[in-house]
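Undergrad: Numbering (the numbering used here), first residue to last: 55 to 282.
Be a bit skeptical, because a hint or two may be false.
With a Cα cut of at most 27 Å, we get these calculated DSS-like pairs of lysine-lysine [said to hold, decoys possible]:
#1 85 / 109
#2 212 / 154
#3 167 / 154
#4 109 / 180
#5 85 / 154
#6 167 / 134
#7 134 / 154
#8 256 / 167
#9 109 / 134
#10 109 / 167
#11 99 / 154
#12 167 / 212
#13 99 / 180
#14 109 / 154
#15 99 / 109
#16 212 / 256
#17 180 / 167
#18 212 / 134
With beta-carbon atoms standing in for the labels, derived distance ranges [to be verified]:
#19 178 / 143: 39 to 45 Å
#20 143 / 183: 43 to 49 Å
#21 225 / 155: 20 to 26 Å
#22 108 / 171: 20 to 26 Å
#23 108 / 163: 20 to 26 Å
#24 183 / 118: 32 to 38 Å
#25 118 / 253: 19 to 25 Å
#26 143 / 224: 18 to 24 Å
Simulated from the structure, these hints should not be mistaken for lab results. Values in this document were obtained by computation on a predicted structure and should not be read as measured data. Yeah, the Cβ is synthetic: ideal placement off N, Cα and C, and Gly gets one too.
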Amino acid sequence: MARIMYDLCGENTALRFSPFCWRTALAMHHKGLTFETRAWHFSDKQDIAFSGQEKVPVIVDEDDEVVTDSFDIMTWLDHKYPGPALFGDDMARSRARFIKHWAETQLAPALMKIAILDVFSIIDPKDQPYFRESREARFGMTLEAFQNTEQGMEMLEKALPPLRAQLEGAAFIDGDYPAGADYLVFGMFMLAYVVHDGALLKSDDPVAQWHERMLDLFGGLGRQAVRA
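With the hints as constraints, model all of the structure from the sequences given.
TA: What follows is the structure, given as structure tokens:
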């Protein structure tokens, strides 16, 4: 059977905005693997019940092996499909886990401050009650109160110095060529790229220049993404 990735979509099923699914798609392309994507809405939890959890990405491999969680999928890819490494050895994977945590605790909150209402506007109306209820419970306030573009931009600027410093001396986070660390971080930026039309970075920023290089990978996979 074909290799399948369940991928979060908006009301327009071609619009894919999950940073975790973007991580996974980039990692699969890095390995040179072919796969089909299946559009998945927040309310389609029954469609991935076989995975034993309720979130995407979910990979179903050609031998019916099921793998979940973007970082775990990347680790699994390195074990099952040698070739271009995503993380490399255990020490490198441990460092990549730190980058994952940095991206999720520093970048993601800033980007959500900027784009939470953009996300709400593009998801299927049937998903909006769940999205509002779950996020407002998490944030302790309404989506409208949480959204604060100015504050989000300030948070983003405070988060970027280590990334900017790395990219002043290398084309990619992983050095001369992109690999797992780049995908862990870039997935976060893809959420904003797909749903938000405002500029986040100045064109001469090393992070912006890296972002452009990342958009061009794999035949322009990111640049060709459907946007809101």
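Undergrad: Are the Cα atoms of residue 212 and residue 134 separated by 27 Å or less?
TA: Not OK: residue 212 and residue 134 at ~38 Å, beyond 27 Å, violated.
Undergrad: So does residue 143 sit 43 to 49 Å from residue 183, Cβ to Cβ?
TA: Holds, since residue 143 and residue 183 (Cβ atoms, about 45 Å apart) stay within the stated range.
Undergrad: Given the hinted pair residue 256 and residue 167, is their Cα-Cα distance within 27 Å?
TA: Holds, because 19 Å separates the two Cα atoms, which is no more than 27 Å.
Undergrad: Starting from residue 99, check that the Cα of residue 180 is at most 27 Å away, please.
TA: 13 Å, holds
Undergrad: Would the hint linking residue 134 and residue 154 be met if the CA-CA limit is 27 Å?
TA: 21 Å, holds
Undergrad: Should the hint that residue 225 and residue 155 are 20 to 26 Å apart at their CB atoms be regarded as holding?
TA: 24 Å, holds
Undergrad: Is 32 to 38 Å respected by the C-beta to C-beta distance linking residue 183 and residue 118?
TA: 34 Å, holds
Undergrad: Holds or violated: the 20 to 26 Å window for the beta-carbon distance between residue 108 and residue 163?
TA: Cβ of residue 108 to Cβ of residue 163: about 22 Å, so the range 20 to 26 Å holds.
Undergrad: Please work out if residue 85 and residue 109 have their alpha carbons no farther apart than 27 Å.
TA: 23 Å, holds
Undergrad: Would the pair residue 180 and residue 167 pass a check requiring their Cα atoms to be no farther apart than 27 Å?
TA: 23 Å, holds
Undergrad: Please verify whether residue 167 and residue 212 have alpha carbons no more than 27 Å apart.
TA: This hinted pair holds, its Cα atoms lying about 14 Å apart.
Undergrad: Is 20 to 26 Å a correct range for the gap between the Cβ atoms of residue 108 and residue 171?
TA: Given a distance of about 24 Å, which is inside 20 to 26 Å, the answer is holds.
Comparing the model with each numbered hint stated earlier shows that hints 6, 18 and 25 do not hold.
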